[in-house]
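2 protein chains.
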Amino acid sequence: MQYFEDFAVGQKFASGRLIVTATEIKDFAASYDPQPFHLDEIAGKDSLFGGLAASGWHTAALTMRLIVGSEFRPAGGVLGFGGELVWARPVRPADELHVESEILETRLSQSRPGQGIVKVRVTTLNQDGDIVQTFTPSLLVPRRPA
Amino acid sequence: MQYFEDFAVGQKFASGRLIVTATEIKDFAASYDPQPFHLDEIAGKDSLFGGLAASGWHTAALTMRLIVGSEFRPAGGVLGFGGELVWARPVRPADELHVESEILETRLSQSRPGQGIVKVRVTTLNQDGDIVQTFTPSLLVPRRPA
Chain H
143 MQYFEDFAVG
153 QKFASGRLIV
163 TATEIKDFAA
173 SYDPQPFHLD
183 EIAGKDSLFG
193 GLAASGWHTA
203 ALTMRLIVGS
213 EFRPAGGVLG
223 FGGELVWARP
233 VRPADELHVE
243 SEILETRLSQ
253 SRPGQGIVKV
263 RVTTLNQDGD
273 IVQTFTPSLL
283 VPRRPA
Chain G
143 MQYFEDFAVG
153 QKFASGRLIV
163 TATEIKDFAA
173 SYDPQPFHLD
183 EIAGKDSLFG
193 GLAASGWHTA
203 ALTMRLIVGS
213 EFRPAGGVLG
223 FGGELVWARP
233 VRPADELHVE
243 SEILETRLSQ
253 SRPGQGIVKV
263 RVTTLNQDGD
273 IVQTFTPSLL
283 VPRRPA
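From first to last, the protein sequence lines stand for chains H and G.
Its first residue numbered 143, the first sequence is counted upward by one per residue in our numbering.
Its first residue numbered 143, the second sequence is counted upward by one per residue in our numbering.
Do not take every clue at face value.
Copies of the same chain are indistinguishable here, so a pair counts whether it falls within one copy or spans any two.
[Stated by the list, open to error] As a list, the in silico SDA-like pairs of lysine to any residue whose alpha-carbon atoms are at most 25 Å apart:
1) K187 / P287
2) K154 / L181
3) K187 / P216
4) K261 / R231
By construction, these hints were calculated from the structure, which means they are not laboratory data.
Keep in mind the model is a prediction, meaning the values are calculated, not measured.
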């Protein structure tokens with residue numbers, strides 16, 4: 143577990159890997175993003191994606207699962223206010239994803255004593271090393287108790 | 143269905159409503175964001191959330207479900223490159239969510255003839271009218287065929 147004081151600009155944290163299946167892509171889409179190109183191979187082929195593609199929100203959710211299991215373990219959990227989210231490439235069936243997190247900025251919180259803000263760039267990559275998503279959240283991280 | 147030419151700055155689109163349950167909050171978290179404050183009432187109470195709280199990614203996914211069923215129906219689907227995502231307040235069990243989408247900007251795509259870019263502010267609100275999330279994506283929307 144890492145406290146605010148343990149983070150410094152430039153530090154990088156790796157994650158494990160997971161493989162995305164067509165079934166998972168369709169199940170997530172049926173629940174949260176029921177558009178034809180996320181639900182059906184043929185509709186995907188006829189769309190701008192050129193094939194079945196995961197919802198961007200599925201990519202984001204899988205990224206979170208990888209972060210929570212990664213070397214990046216702020217004390218108090220991974221708690222964010224949001225940030226800039228960019229979907230660079232679609233995620234497709236059988237893609238293997240992993241995440242690289244890099245600390246961009248650290249500062250004390252003005253409004254919450256005992257807490258700091260850590261800005262991180264979270265990059266999600268596929269098995270070819272292509273970036274599929276970047277997310278740049280600001281996280282609330284507790285200071286080390288005195 | 144709306145083509146690029148049908149969108150103008152200031153237009154607003156409403157969604158239906160959905161109620162979030164504790165079971166759904168925990169199920170989503172178990173799959174995608176397995177942190178104690180999203181999985182367990184007592185752990186939630188002991189956290190900064192002060193009670194069981196939905197993963198921000200669950201809020202985002204539910205927002206997408208509301209958008210896909212809303213009056214906002216760009217031809218070709220809701221297809222975005224990403225945008226700024228802000229979690230303003232936690233979503234809690236029994237919250238009833240709805241979404242308001244407002245067109246912020248429209249312009250032709252430089253790289254894709256036949257397509258335009260529509261920037262939208264998507265605001266997710268609870269039953270008290272409190273904003274729980276804002277997302278400001280740029281979407282790819284086809285021009286009306288000649």
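- Query: Which numbered conditions among the earlier hints are violated in the structure presented, ordered from lowest to highest?
  - Reply: Those not satisfied come down to hint 2.
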